[in-house]
Amino acid sequence: MKFFQALKAGRFPSWRLFFHFDDRLLLISIGALVGSCSGLAALALNRGLITLFELLSHYRHLWWAFVLPGIGAALSSLFLEKIMKEGAGHGVPEVLYSVSRYGGLMRFRSSFSRLISSCLTIGSGGSAGPEAPVVMSGAAIGSNIAQFFSLNDRQRVALVGCGTAGAVAAIFNAPIAGLVFTIEVIIGEWTALNIVPIAVASVFGAQVCRLLQGNQIAFTHLKFNIDPVDTLACIGLAVATAVVSILLTRALRLSHQRAHHIKLPIWVKAAMGGCVVGGIGFFFPDVLGEGYHTIGSMVEGTFSNGLLFVAVLVFAKIIATAFTLGWGGSGGIFAPCLVIGSFTGLMYHRFIDILWPGVTWVNEGCFALLGMAGLISGILQAPLTGMFLIVEITGGYEVILPLILVSAISTTLCHSFEPASFYMKELVEKGHFLRPRTDARVLADLSVEELVEKDCIVVPKDMKLGDFVKIMQKSHRNFFPVEDEHTGEFLGLIHLDDIREYLFDPFLYETVFLEQIMDTQVETVGLDDDLSVVLDRMDAANLFSMPVVASNRFVGMISKATLLDKYRNELIVQTHH
Amino acid sequence: MKLTLKELAAALSIPPGTVERWIRQGNIPVRIKEGACVFSFQSLQKWARENNLTYQPAGAKNSAMPADGPDTLAAAMERGGVYYKITGESVPEILRAGVDRIPLLETQGQRETLYESLLAREELMSTGIGKGVAIPHPRTPLDYGEIPAFITTCFLKNPADYKAVDRQPVFVLFFLVCPSSKRHLQLLARLSFCLRDEAFIEFLHHTPDQADFLAKIAELDQRFDTP
Chain Z
889 MKFFQALKAG
899 RFPSWRLFFH
909 FDDRLLLISI
919 GALVGSCSGL
929 AALALNRGLI
939 TLFELLSHYR
949 HLWWAFVLPG
959 IGAALSSLFL
969 EKIMKEGAGH
979 GVPEVLYSVS
989 RYGGLMRFRS
999 SFSRLISSCL
1009 TIGSGGSAGP
1019 EAPVVMSGAA
1029 IGSNIAQFFS
1039 LNDRQRVALV
1049 GCGTAGAVAA
1059 IFNAPIAGLV
1069 FTIEVIIGEW
1079 TALNIVPIAV
1089 ASVFGAQVCR
1099 LLQGNQIAFT
1109 HLKFNIDPVD
1119 TLACIGLAVA
1129 TAVVSILLTR
1139 ALRLSHQRAH
1149 HIKLPIWVKA
1159 AMGGCVVGGI
1169 GFFFPDVLGE
1179 GYHTIGSMVE
1189 GTFSNGLLFV
1199 AVLVFAKIIA
1209 TAFTLGWGGS
1219 GGIFAPCLVI
1229 GSFTGLMYHR
1239 FIDILWPGVT
1249 WVNEGCFALL
1259 GMAGLISGIL
1269 QAPLTGMFLI
1279 VEITGGYEVI
1289 LPLILVSAIS
1299 TTLCHSFEPA
1309 SFYMKELVEK
1319 GHFLRPRTDA
1329 RVLADLSVEE
1339 LVEKDCIVVP
1349 KDMKLGDFVK
1359 IMQKSHRNFF
1369 PVEDEHTGEF
1379 LGLIHLDDIR
1389 EYLFDPFLYE
1399 TVFLEQIMDT
1409 QVETVGLDDD
1419 LSVVLDRMDA
1429 ANLFSMPVVA
1439 SNRFVGMISK
1449 ATLLDKYRNE
1459 LIVQTHH
Chain W
57 MKLTLKELAA
67 ALSIPPGTVE
77 RWIRQGNIPV
87 RIKEGACVFS
97 FQSLQKWARE
107 NNLTYQPAGA
117 KNSAMPADGP
127 DTLAAAMERG
137 GVYYKITGES
147 VPEILRAGVD
157 RIPLLETQGQ
167 RETLYESLLA
177 REELMSTGIG
187 KGVAIPHPRT
197 PLDYGEIPAF
207 ITTCFLKNPA
217 DYKAVDRQPV
227 FVLFFLVCPS
237 SKRHLQLLAR
247 LSFCLRDEAF
257 IEFLHHTPDQ
267 ADFLAKIAEL
277 DQRFDTP
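For the record, the sequence lines run as chains Z and W.
In short: position in the first sequence from 1, add 888, done, that's this note's numbering.
In short: position in the second sequence from 1, add 56, done, that's this note's numbering.
Hints should not be assumed to be uniformly reliable.
[Stated by the list, open to error] To list a few chain W residues with every Cβ distance to chain Z over 10 Å, as calculated:
| no. | residue |
| --- | --- |
| 1 | 62 |
| 2 | 90 |
| 3 | 91 |
| 4 | 97 |
| 5 | 130 |
| 6 | 168 |
| 7 | 222 |
| 8 | 274 |
[To be verified] Covered stretches of chain Z (chain W as the covering partner; in silico rule of three or more C-beta atoms under 8 Å from a C-beta of chain W):
| no. | stretch |
| --- | --- |
| 9 | 1036-1045 |
| 10 | 1332-1338 |
Just so you know, the hints here were simulated from the structure itself, not pulled from any lab data.
Yeah, the Cβ is synthetic: ideal placement off N, Cα and C, and Gly gets one too.
All chains, full assembly: derive it from the sequences and hints.
What follows is the structure in structure tokens.
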């Protein structure tokens, strides 16, 4: 730590020179550090999960074992709620929210809170994955390191990406998937400025994992001989995975809403959800935990159950996942997606085998792989992540053709039913999903305060029209706000267009007071209003400018003309790299 | 370079709030160090150029300011001079005599163009605006380069028929020559403000000497500026 503090304070002149030389070098160096740290975090969670799962496996066969996931989920939600004071949720939307709204600012405690809570949930048998918690802690590590070096928002977001990439790369031992997932899902901006440090972090994350755990791929690499007919059959599989993806998304949301309406302490709900999962797991042990072991046996083709059983498993896993995550357990959607995907692939394989018994299909393991890709692409609506992840975790490149096909079709189909992906849905609904270089981003960054024009002449309500005409000659604006000269309160607005006909009648000069001719029914804007809302109101009322009023006092005018000017400035500045 | 946030915002002609946010977001090559904005002049200027903005430090801005602020009648009249006992029976004769007096015009060519354009304007419609006053001026601004706007005041020896709108003989002429229409309107507005004042017309009838006349104009200028 001392070393870093000295580094920050610039006590090493050559280092400072190096960093000032180019901030890209700085980002790459810190990115490597972040990648390594988040790789370590990923490994820690992985080890913790394995230990806890093994510890509890002795009790699995006992009749009361179904309460284990309940206890785990309750503990995990108590830990998050009472000790860490963080809401439940699986992590990725939280990271997206922070990147969208706060330039990647995250709390230090987020870098380990989800690791512990998800370890409790999943280790005890809850149906969830370790990836989203690892993503969140990696992101928090990146954000806190960026804060330590007092970097700006753009650099901090890049480092949050580095943390994410390092974590995903380490937990799957899949550097490209880490990079692609980060860019496609977390950052949403493909520029060299982001990609380079994130790629480096990915490398470091994966390298840390290989150093400590050996270079092993998650699932055994098998050789598949894929015929054109298999590729053709994949179109059907893509439809199946899309349907299952939509089912899973809806089930998750439904169970979340149901749980939300039950008035019980959050840990009691988590315990109830966990017990349901435990109950399902009692009959179908394959749905418990992250489920990588099950996937392994399916890919290898040693999963021997029939079509009906597999179909039931798909639904059992969906329900178990919905009860785990929707009712307050902590964990990610990634691993359950992989499990459900491989179940779906297997089910589809069994199904077409019965339908066309004469055709020799490729090994069922291949369909399990493709099913995983289909589900990941469908749920995350991130086709590239689906493709690269599956290629990397299975070490097989020969499935790439059907893989691309399944990913693409599944994403497209899901998108037409669920326009926003599972991660982004809630953020989009609340207007918190702001991708770089979009209209929403620019409007969210500009504030009313930055746009307000203060060159209006404020006139008192008791002024006579004759005096007003003189004032008018000095102003180059068409709007004159009227205020109470004693209280300073904003009363209304005079628009030249409205009073033009009276202006040339000297008879009225001495008889009309401004109070009588001002428009009191004006729509006003507050300083804290969102610009998108302001614009909507302008469009609705067909206005080109509106007065800005704060605590009953006139501040200035906001107009579309200035907005265009500033909007353009902002867009150019934001997209210029 | 080191500037405060406000100075930097003024140099870029952007609200300080925006500049602050850009620094925070990393959109501008400026760092905050001990409350001051630290940046390299070259990189900021390059950045401004690339982003369709201009970086103009406060000093440079003032010197580059065009002399387009409001002019006063008194200053313009002092430049143009006040002349008495001008003789002439007809419009061309009076104009010729007036143009010959203008001190700022250096060459005969300049006098000739001015005379012709004044005459053309009179043929269109007399500039005798009534009450014995005429304001001869060219129809379009005449830009003599270095010469600023001026008003040359000429009191006639004998009031002459100038085809004024109210048919009254003219006794005083204000030659109004400006390099731009904006300046022309500014000065014309001030002049017309003075001529609306009956007391001022009465004052003119007494043919005041140059010092008295300019003092009176300066006084009216001030009244014009304070509504």
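Cross-check of the supplied hints:
1. Non-interface call for residue 62 of chain W relative to chain Z: holds, since the shortest CB-CB distance, roughly 14 Å, exceeds 10 Å.
2. Separation of residue 90 of chain W from chain Z is adequate, the least Cβ-Cβ distance of about 12 Å exceeding the 10 Å criterion.
3. With a closest Cβ-Cβ approach of about 14 Å to chain Z, residue 91 of chain W is found to remain outside the 10 Å limit, as its non-interface label requires.
4. The Cβ of residue 97 of chain W lies farther than 10 Å from every Cβ of chain Z, with a closest approach of about 16 Å, so its non-interface assignment holds.
5. Interface exclusion of residue 130 of chain W from chain Z stands, the closest Cβ pair being 21 Å apart, more than 10 Å.
6. Every CB of chain Z lies more than 10 Å from the CB of residue 168 of chain W, the least distance being 38 Å, so the non-interface label holds.
7. In this structure residue 222 of chain W is separated from chain Z by more than 10 Å, as the shortest Cβ-Cβ distance comes to about 22 Å.
8. Every C-beta of chain Z lies more than 10 Å from that of residue 274 of chain W, the closest at about 21 Å, which supports listing it as non-interface.
9. Counting residues of the stretch 1036-1045 of chain Z whose beta carbon lies closer than 8 Å to any beta carbon of chain W gives 5, which reaches the threshold of three, so the coverage claim holds.
10. Chain W is given as covering the stretch 1332-1338 of chain Z, and this holds because 5 residues of the stretch bring a CB closer than 8 Å to a CB of that chain, at least three being needed.
This entry satisfies every hint, going by the numbered hints stated previously.
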